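2 protein chains.
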Amino acid sequence: VRGHFRQNVAIHDKADETPVTIADREAEAAMRAILTEACPDHGVIGEEYGTEREDAEYVWILDPIDGTKSFVTGSPLFGTLIALMRSGEPMLGVINMPMLGERWTGVAGEGVVFQARRDASAALCRECPSLDEAYLRTTSPEMFETEGLTAQWDRLRKAVKQPVYGGDCYNYGLLASGHIDLVVEANLQTYDYMALIPIVEGAGGVASDWRGRPLTVASDGRVVMAGDARVHAQALALLQPS
Amino acid sequence: VRGHFRQNVAIHDKADETPVTIADREAEAAMRAILTEACPDHGVIGEEYGTEREDAEYVWILDPIDGTKSFVTGSPLFGTLIALMRSGEPMLGVINMPMLGERWTGVAGEGVVFQARRDASAALCRECPSLDEAYLRTTSPEMFETEGLTAQWDRLRKAVKQPVYGGDCYNYGLLASGHIDLVVEANLQTYDYMALIPIVEGAGGVASDWRGRPLTVASDGRVVMAGDARVHAQALALLQPS
Chain A
30 VRGHFRQNVA IHDKADETPV TIADREAEAA MRAILTEACP DHGVIGEEYG
80 TEREDAEYVW ILDPIDGTKS FVTGSPLFGT LIALMRSGEP MLGVINMPML
130 GERWTGVAGE GVVFQARRDA SAALCRECPS LDEAYLRTTS PEMFETEGLT
180 AQWDRLRKAV KQPVYGGDCY NYGLLASGHI DLVVEANLQT YDYMALIPIV
230 EGAGGVASDW RGRPLTVASD GRVVMAGDAR VHAQALALLQ PS
Chain B
30 VRGHFRQNVA IHDKADETPV TIADREAEAA MRAILTEACP DHGVIGEEYG
80 TEREDAEYVW ILDPIDGTKS FVTGSPLFGT LIALMRSGEP MLGVINMPML
130 GERWTGVAGE GVVFQARRDA SAALCRECPS LDEAYLRTTS PEMFETEGLT
180 AQWDRLRKAV KQPVYGGDCY NYGLLASGHI DLVVEANLQT YDYMALIPIV
230 EGAGGVASDW RGRPLTVASD GRVVMAGDAR VHAQALALLQ PS
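The listed protein sequences correspond, in order, to chains A and B.
If you're matching positions, the first sequence starts at 30 in our numbering and goes up one per residue.
If you're matching positions, the second sequence starts at 30 in our numbering and goes up one per residue.
Incorrect hints may have been included.
Claimed, not checked - From the structure, some residues in chain A lie toward chain B, with a derived Cβ separation under 10 Å:
| hint | residue |
| --- | --- |
| 1 | 68 |
| 2 | 71 |
| 3 | 199 |
| 4 | 203 |
Bear in mind the hints are in silico, worked out from the structure with no lab data behind them.
None of the values given here were measured: they were computed from a predicted structure.
Every residue, glycine too, gets a C-beta built ideally from N, C-alpha and C.
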């Protein structure tokens, strides 16, 4: 991915109008080649090359570039997402930020490690007692507009201490490291959110869909993740339809 | 600034509800100390410590942390802005990204240098013939809402190829380096935009307020900067009140 950054690569629009480049495709192909060699009986679900053996006990979920709109506009806030599910439960999640040299790795039951170049430390969410003290990050308000959720989103953004825009997967790493309190998004795909679950939950946070249900491969792509259960509950209440 | 990043510094809300930290204050004090020593008869306008000798021939304009909302949420997309005006005309502009190790320096009449750690190269805007091919970046849609400009903003964002959110001053560096085509913002202060002018214009782009007038210390804080004059003109047309 790094070698293609800011190299004026061609941008193709997929059927859903999201951009894709040779960097997305090469990075996913590279990950798939490693998995085929190392664990040929595992399943793979990837953003660019689809699904193989999704009924396997172990299934990898790959998003080679989460934040392709950042990537194609020269911003380093994009990442590679890797999740491993066992029997449908996410047991490993990785957010890798290739241009920043930062990586979060969460293993279910074992917590989260944050690596910044040569340093490594445990990542932990911070406490936040109430929504009006919460720093919220979300990638774009247009993901709510697309799904007809602008009224709910407006209620939420006006109730928090501060909404901040941009970031894609990086926002969830910032949540796991206790720099922010809440991430709310919509219109996500399975490969956008599955890796984030072991990271946010492993750091002590709470992750669900907008109705408070656990996130699964079949979720509707609306996510609420908070570092403190109190903020999660208060955000959920505002996100219900009137 | 680097030493305070992600150190859980106290966040104070200024009268305009924008956040400020000890990092903003120390960084501006450090710059002012250098200027007082090196050029005591120059004027200084700074975000945190106000105005001194604004009638001087040379006036420095300082924003120690542009993107304090990014800074306080742990994102590295914030920068230090330094401008030097002579008789009211910006002749030097610097965007320094302390966490990314990147810097744009523009000198009127001499072009723009982009430094990324140990490499340096000339920055140049790219061509873009029309708005529907333009990649647009803006920090937050709420800066338009605050000024009652949502209708104009909505017209523009729907007319471009892709709007992308977040970034603060970094967006203007990306514009000068030809990674994007357009930045439109509102509700900015003098110290938010003055350093950007020699960088965008020096890289071949066009900078103005929303009526197409040159930006000065007395502008209303609404800016349109484009890499190609055609996109600038088309964006201006959509930003006029109906």
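Cut-off 10 Å, beta-carbon criterion: hint that residue 199(A) touches chain B | Holds. Min distance 7 Å.
Given hint residue 71(A) near chain B, where the shortest CB pair must fall under 10 Å = 34 Å, violated
Tell me if residue 203(A) is really an interface residue toward chain B, meaning its C-beta lies closer than 10 Å to one of theirs.
-> 5 Å, holds
Per the CB criterion, is residue 68(A) less than 10 Å away from chain B?
-> 34 Å, violated
Checked against the numbered hints above, the structure breaks hints 1, 2 and satisfies the rest.
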